[in-house]
Structures are given as C-alpha cells and as structure tokens.
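Colleague: Going down the list, the protein sequences come from chains A and B. Under this note's numbering, think of the first position of the first sequence as 1, with each following residue one higher. Under this note's numbering, think of the first position of the second sequence as 419, with each following residue one higher.
A few of these clues could be false.
[Said to hold, decoys possible] Some chain B residues well away from chain A (every beta-carbon gap over 12 Å; in silico):
#, residue
1, ASN532
2, PRO547
3, GLN612
4, ASP649
5, ARG704
6, TYR715
7, ASP777
8, GLY805
9, ASN834
[Unchecked claim] Label pairs and their calculated CB-CB ranges:
#, chain 1, residue 1, chain 2, residue 2, range
10, A, LYS383, B, ASN729, 28 to 34 Å
11, B, ASN674, A, LYS266, 48 to 54 Å
12, A, LEU162, B, ASP542, 33 to 39 Å
13, B, LYS450, A, PRO129, 48 to 54 Å
14, B, GLY778, A, GLU189, 49 to 55 Å
15, B, GLY778, A, LEU162, 26 to 32 Å
In short, the hints are calculated from the structure, not lab data. No residue lacks a Cβ here, since even glycine has one placed at the ideal position from N, Cα and C.
Number of protein chains: 2
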Amino acid sequence: MAICEIISVGTEILLGDIVNTDAQFLSVELAKMGISVLHQTTVGDNPERLRKVLGIASERSDIIIASGGLGPTPDDLTKEICCEFFNKECVLHQDSLNSMESYFKGKGLVMSENNKKQALLPADGVVFPNDNGTAPGCAIEKDGKHILMLPGPPRELKPMFLNYAVPYLSRFSDKVIVSHNIRTFGIGESVMAQKVDDLLNSANPSVAPYAKEGEALLRVTAMADNKQEADKIAQPVIDEITSRLGEFIYGIDEPNIETAVVKKLKEKGLTLATAESCTGGLIGKRITDVSGSSSVYGCGIISYSNETKINVLGVDENDLKIHGAVSEPVAGQMALGALKVSGADIAVSVTGIAGPESDGTDKPVGLSFISLAAKDGTVVVKKLLTGKNGPGCRDYNRLVNASNALNLVRLYLDNNLQ
Amino acid sequence: MAICEIISVGTEILLGDIVNTDAQFLSVELAKMGISVLHQTTVGDNPERLRKVLGIASERSDIIIASGGLGPTPDDLTKEICCEFFNKECVLHQDSLNSMESYFKGKGLVMSENNKKQALLPADGVVFPNDNGTAPGCAIEKDGKHILMLPGPPRELKPMFLNYAVPYLSRFSDKVIVSHNIRTFGIGESVMAQKVDDLLNSANPSVAPYAKEGEALLRVTAMADNKQEADKIAQPVIDEITSRLGEFIYGIDEPNIETAVVKKLKEKGLTLATAESCTGGLIGKRITDVSGSSSVYGCGIISYSNETKINVLGVDENDLKIHGAVSEPVAGQMALGALKVSGADIAVSVTGIAGPESDGTDKPVGLSFISLAAKDGTVVVKKLLTGKNGPGCRDYNRLVNASNALNLVRLYLDNNLQ
Numbered sequence: 001m002a003i004c005e006i007i008s009v010g011t012e013i014l015l016g017d018i019v020n021t022d023a024q025f026l027s028v029e030l031a032k033m034g035i036s037v038l039h040q041t042t043v044g045d046n047p048e049r050l051r052k053v054l055g056i057a058s059e060r061s062d063i064i065i066a067s068g069g070l071g072p073t074p075d076d077l078t079k080e081i082c083c084e085f086f087n088k089e090c091v092l093h094q095d096s097l098n099s100m101e102s103y104f105k106g107k108g109l110v111m112s113e114n115n116k117k118q119a120l121l122p123a124d125g126v127v128f129p130n131d132n133g134t135a136p137g138c139a140i141e142k143d144g145k146h147i148l149m150l151p152g153p154p155r156e157l158k159p160m161f162l163n164y165a166v167p168y169l170s171r172f173s174d175k176v177i178v179s180h181n182i183r184t185f186g187i188g189e190s191v192m193a194q195k196v197d198d199l200l201n202s203a204n205p206s207v208a209p210y211a212k213e214g215e216a217l218l219r220v221t222a223m224a225d226n227k228q229e230a231d232k233i234a235q236p237v238i239d240e241i242t243s244r245l246g247e248f249i250y251g252i253d254e255p256n257i258e259t260a261v262v263k264k265l266k267e268k269g270l271t272l273a274t275a276e277s278c279t280g281g282l283i284g285k286r287i288t289d290v291s292g293s294s295s296v297y298g299c300g301i302i303s304y305s306n307e308t309k310i311n312v313l314g315v316d317e318n319d320l321k322i323h324g325a326v327s328e329p330v331a332g333q334m335a336l337g338a339l340k341v342s343g344a345d346i347a348v349s350v351t352g353i354a355g356p357e358s359d360g361t362d363k364p365v366g367l368s369f370i371s372l373a374a375k376d377g378t379v380v381v382k383k384l385l386t387g388k389n390g391p392g393c394r395d396y397n398r399l400v401n402a403s404n405a406l407n408l409v410r411l412y413l414d415n416n417l418q
Numbered sequence: 419m420a421i422c423e424i425i426s427v428g429t430e431i432l433l434g435d436i437v438n439t440d441a442q443f444l445s446v447e448l449a450k451m452g453i454s455v456l457h458q459t460t461v462g463d464n465p466e467r468l469r470k471v472l473g474i475a476s477e478r479s480d481i482i483i484a485s486g487g488l489g490p491t492p493d494d495l496t497k498e499i500c501c502e503f504f505n506k507e508c509v510l511h512q513d514s515l516n517s518m519e520s521y522f523k524g525k526g527l528v529m530s531e532n533n534k535k536q537a538l539l540p541a542d543g544v545v546f547p548n549d550n551g552t553a554p555g556c557a558i559e560k561d562g563k564h565i566l567m568l569p570g571p572p573r574e575l576k577p578m579f580l581n582y583a584v585p586y587l588s589r590f591s592d593k594v595i596v597s598h599n600i601r602t603f604g605i606g607e608s609v610m611a612q613k614v615d616d617l618l619n620s621a622n623p624s625v626a627p628y629a630k631e632g633e634a635l636l637r638v639t640a641m642a643d644n645k646q647e648a649d650k651i652a653q654p655v656i657d658e659i660t661s662r663l664g665e666f667i668y669g670i671d672e673p674n675i676e677t678a679v680v681k682k683l684k685e686k687g688l689t690l691a692t693a694e695s696c697t698g699g700l701i702g703k704r705i706t707d708v709s710g711s712s713s714v715y716g717c718g719i720i721s722y723s724n725e726t727k728i729n730v731l732g733v734d735e736n737d738l739k740i741h742g743a744v745s746e747p748v749a750g751q752m753a754l755g756a757l758k759v760s761g762a763d764i765a766v767s768v769t770g771i772a773g774p775e776s777d778g779t780d781k782p783v784g785l786s787f788i789s790l791a792a793k794d795g796t797v798v799v800k801k802l803l804t805g806k807n808g809p810g811c812r813d814y815n816r817l818v819n820a821s822n823a824l825n826l827v828r829l830y831l832d833n834n835l836q
C-alpha cells in the first residue's frame, strides 16, 4: 500500500486563521483509493522550514501532496522549493500562460506581471490545469518518490485533485474502499447508535456513527479488490440498517437533506415555496444550492419584519399582537400566505428566536415554530426548542430550524407527516 | 519567542473522518500569547510513528502540545508514549480517579475498569483537570522542553486549554502579537499586492496578502511587549495602506462585508430590502447572519421563477420575454419592485446564471446583473461576468454575486457609487 504525506503550506493555517479542510478532503479521497495517509504536516511560507519538512516527508513516504503556496505573491514558494528539492528546472508553460490570460480576459481584467510566475512549471513534470483559478498544479517524480503540488483554495484544490491528480495517482491504487453514508434526521446519534449497536464492531464492512448539527449518519465502509465486490460486501449491512432506522433515513449517499427534498419534489411533480423569518433566506439558499431546483422552487418570502408578514404574507395583525411573531398561529399563517402568494403546491415557514439576544418577550432563545401548508388542505405546525443559547447559538439555531423545515417537507412527501 | 509544535494524534484525522479544528483553536490561542507555532503534525494511533514524530518535534520546538489519544481504549497511547519519551513514570493520581468516579456517578453510570488507566499520570508532571469529560490532561518537562497532553474532543480540549494550559504556558508569553485585517472588495489579490508591493517585505509590522472567493485582504501584524505598543507599530502602515487602497476597503477587522453593510445601514438609519433570483436567499441569509440586522432589514423576495418576478415584484412580462430573466431591465425592475413591496429605503437585486447548466439561451454561465434602487431616485445596474463555469461554479458564482450585491450597497452608503 502506497504511503502518502500531506503537507499544507501556509502561515495562515499556523496562525489559526483558517481551518485546514484541504487535508481532510485529501485524506478522504486518498483513503478511497487505498492510499495510506500516515502523516499530515503544516508548515508556514518559509523556505528553510519547508525544505526540512520535505526532507522528513521524503524519508517516510512514497507520495507527498503539497497544498498551498502556488499564488502570485513573493511569499508563495511551494513550487520553487519542491522543484529545487527534486532538482527540477522550471520553464515557461505556454498552455498555462494562455489559459491564465484568457481567465483574466474573461473577467475583463489585465493579468499582472506577478501572475506570470504561476506559469513557470517543472520541465519534465505533469501539469494539472486549474479550471477554477490561475495557479496550475503539477507533479514531479524522482527515484520513485512523487511530489504533487496543488493550490490552497478548496474550490481550486478539490476539482483539480479529482480531475487531474486522481488519474495521476491511480498507479498506486490497488485495493478499493467504498463508503456509503446513511443519513438520518430526527434521531439523535446515541439513539441511532443503540439501534445498530451490534453492527458497530464489524470489520468489513465497518459501520461508524457520526453526528453534526442536528443530523446523524452511519457510514458503512467496505474494502475489496474492486468496486462491485466492495458494494456486495456493504449491501446486506445497508439493508439491515435501513430496516431498523426506517423513516428517520432521508437518503443514502445524499449530500444533504435539501438535495433529498428537491429530488422527491421532482419525482412527485410538486412545487415548494418558503416563508422565512428567523432563517432569513437560509432555506431558500439551501434549496437553490441544488442545481436544477428551479423546476420545483419559484418563490420565497423573507418576512423578517412584522410589516412584511402582514403586507406580503397576509398574517393577521391581531394575532401578531396577541401571540407574538414567534407563535403557532403566525407560523401557520405564514405558510398559508406563502402558498397563496406563490401558487406553489406546498409551502413551509419558520418563525423563531435565533439569538443570541431574546426578542424582548419571555420566550426563550432557540424556540421556533415551523409550519407546512399544502394545496391538499394539509396545515401542520411543529414547535421546536433547540435548547441552544449563548455564543454561537445563532448559526446553530438557524441551521437546525432550516433543516427541520426541510425535514417537514421530506416527511410530507414521504407520506410520513404525523 | 518560544516555538511550539502541535501534534494531533488520531487515525480518524488521517482518514479524514474529522476536520482538525483543535489545531486551529490552539494556533489562535497560542498566537494571542505570542507563542509561535511553526509546525502542526498529525499522526495516527501508532506508537512507533508517534515516537518518531516526538523526536522530530523536540528537535525543532520548545513546546509540544499533543492532543488526542488520552481515552480509555487500548489504542489511546499518547500519554504512555510521551512519558516514555521523556523518561517519566506514571502513577495513580487519586484526585483524578475520584473526579472520574464522581463524573460517572453524576451520569448514573458505573465506571469501567478501562477508565482507570486515565488516572495514571506522570509522577512529577502538572495535571490539568478535565471539567467536561474523563481524561485529565498533563504537562511534563525535561531539559527545558515541555510536552502538554490534552484530550481530543474539542469540548474537552478548549476549556482545559484555556483554564489550565494557558496559566502553565504563561511563562513563555512575553511578546504580544497584534494582527489587523484590511478587507477589500472589487480589487484582485495581485493588483492589490502590486499597490503595496514595497510594504510586503517589512518585518515588524509584516504585511501579507490573502485572497478568497472574490475578496482580498491585507493582514498587518505587529509584535511588541504589549498591545498598545504593537498597535502603535501597526498604525502608520495601516494608514498608508488605507490611503493607497481607498474605496476598495470595506472595513478593517470587519469579519465580512455583510457585517460592514449592516453597520453602515445602522449608522445612517436606513433600511434595506432584497430581491434575489440566482442567489436564492443567500443575500438575505448573509445579512441576517448578523445579529441585530432586524433593525435594518425586514423584507426579501426570492423570485426564482418568472411568475414571482411578475406577480410579486411587478417585473414587466414583455421585458422578460424580450430581454430574458438575466438582463439589465429585469434586474432594475426587480430592485424597484422590492423597494415598493418592502417600503425600505434601499433595495438590491440579483439575476444571473449560476450554472453549471446554462439557462437555455446563449448567455454564458457566470453572467449576472445586479441592481440597486433607492428612495432618493438612485437606480443603477451593474453587469458582472465571473468567468466561472463547470464543476464548483454554482457555489462560487452565487457567493460572488451576493458579495457584489452587498458591495453595491456598501458603495452607495459610502457615496462612492458610480
């Protein structure tokens, strides 16, 4: 099994300005290929320390993947140091220069002189085009050791790795690892884990529980000589988990609940509208994150103020006075209002107190009402109390409110709304 | 200045199952204390590799902070290996055993035999109590080198570090580092860097350029004996940069452009409304991310479909037919419609093709029109072409569109709209 080390280059990581998500992404993808990551190292934009770190890595690893430090500024030195380390000369790579020039042209900008150094690439290396930025990546090899260089920004690194580095690395991949994520909503991690307790100790496939922001998932991972074989090992365990967790599962290998909702809406030929108070557009944003959502989602009202609730959604002014904006009747009227304004088949609404400040009443931060109304006459309102307040609660409460609204739509579409 | 290395121990990090947020947290806190983190290393739960990594770290650092691997299971070996490395004997620490027993009792559980090894601690070390879990941390010292061991779970590591490790490390904290971020919008990283080229080589304060998703920032970092002194060193350079970059700067030490916009709206006592097509609620979401935004933002319309543009915002049906949804007149009418529906002082709109699919016309993915209308009669429409298409373009285009819309509001509020 080939041994790989990930070297993240960037003083901003050492200062804690950014979380090193590149290392995580690369680790996941390399594991899928059966390439073993035994070390991750982060070093600053410092030539001497980078040289030493390369020396250590090349002793203990077959493959080094360096990310970051390919930019146009003088402190971007990864390529220069790596090439020097492997005794490779850098020359002008005309294709890269051309595509950089057209990149800037496409933006109506003139390329600066600084950027040209990004087109200097190792003479006998492999170039990885950058489809999402200016800095090309590359790979060099010496005495059976390989260094791959990738840009730091995740939106450049990820597609470059998948499209160009994976084919380059395929020579090292013998075993195949296949993972399937069974995603649930509405069940806590520990309850979920208890229901599948006896499966958590199996080795191949392995079953591991994960939780984040109100969701819980089980990852089933199988290793075999090829993908079909691995899938065959995983499938019986996936079937068993599916039968035990039932309606809590919103999808297998779905990236998130909004994608599951958009898919189900398409399948049923139904449209959705949103009326958002405390989530302020987050539900709409998450639905429209999904490419192709325009066929099922056409209208959202962000009714952050009472005036918008009254004037655009037709919420009763008296109910607002008597029950307050964060209340069952207001949530229901918001959903019904969105249904009417939009002409959609289903509308979902959220009104709540995201915090950290209260809304001036004695209602607690973390309280919300989520409602679904549909053309078939369905109107339900659910009360949610996240229990989160204090620092960081705002993002959490908004996210969990939006997820619960999406889950309400999912349950309605699955005929599981109680 | 004391040099520190963070060693994260855990196979789950190398597999990419979790993002290493501990390393980020520790880096931020150490930087605040003037302790320099020059390396972050991640290694699996493997005694031999951990020993080697400790060997390398102790050569190049004064302080090693190891996180993870203090749990009760047989593969949790951090403490054993670190103590062996420094020739320290572990003995039963009665206080820790007592507090572990009462931790389990408090949860109505019986402590397992496994947990007892967590109370074995170095005889002449300093023990860090764990107020949020079972594994105590500790620190050992030999020949002026220090190893601190902390549990991996962030909710245990963070309070332990702040409450017990910071006092331990205070002996190394003499200098104070102060950073200020000068945030710009509308200028590329390389053009920005060129304008301040001569400042990028200065040492104290240092000036470093960073770019992400359409934004560029300059970080000015100064080191001194105390905060006032450091600020005094940084200020003249900040002033110089401010005068060179002028209106491109949307704020100094602002976390993001939406926070700057909300602040400026509050200062001027003006309200904002939004009309979003391709961004689908993202602008509203970003504004309402800011706590307290309800005083300046009350209404947003997500007009993803033509019907919503016509029925809710009053966009002319003929203009939609003739020019298409992604066009200058439609953007302008969306902003004017939002102004009318909301009663706000300013409205901003976006209509564009986020991709990856085109909208069925010959307009390119990445094209958008962004408009601002205000009660004072202002109506402007800006055309934007991000040049991004293909994988990953959707998120990028939506983010950059939303940022440009927010920037348009910012420029209007600064009286810099051209």
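Colleague: Could you work out which of the previously given hints the structure breaks and list their numbers from low to high?
Modeller: Hints 3, 5, 6, 7, 8, 11, 12, 13, 14 contradicted; others consistent.
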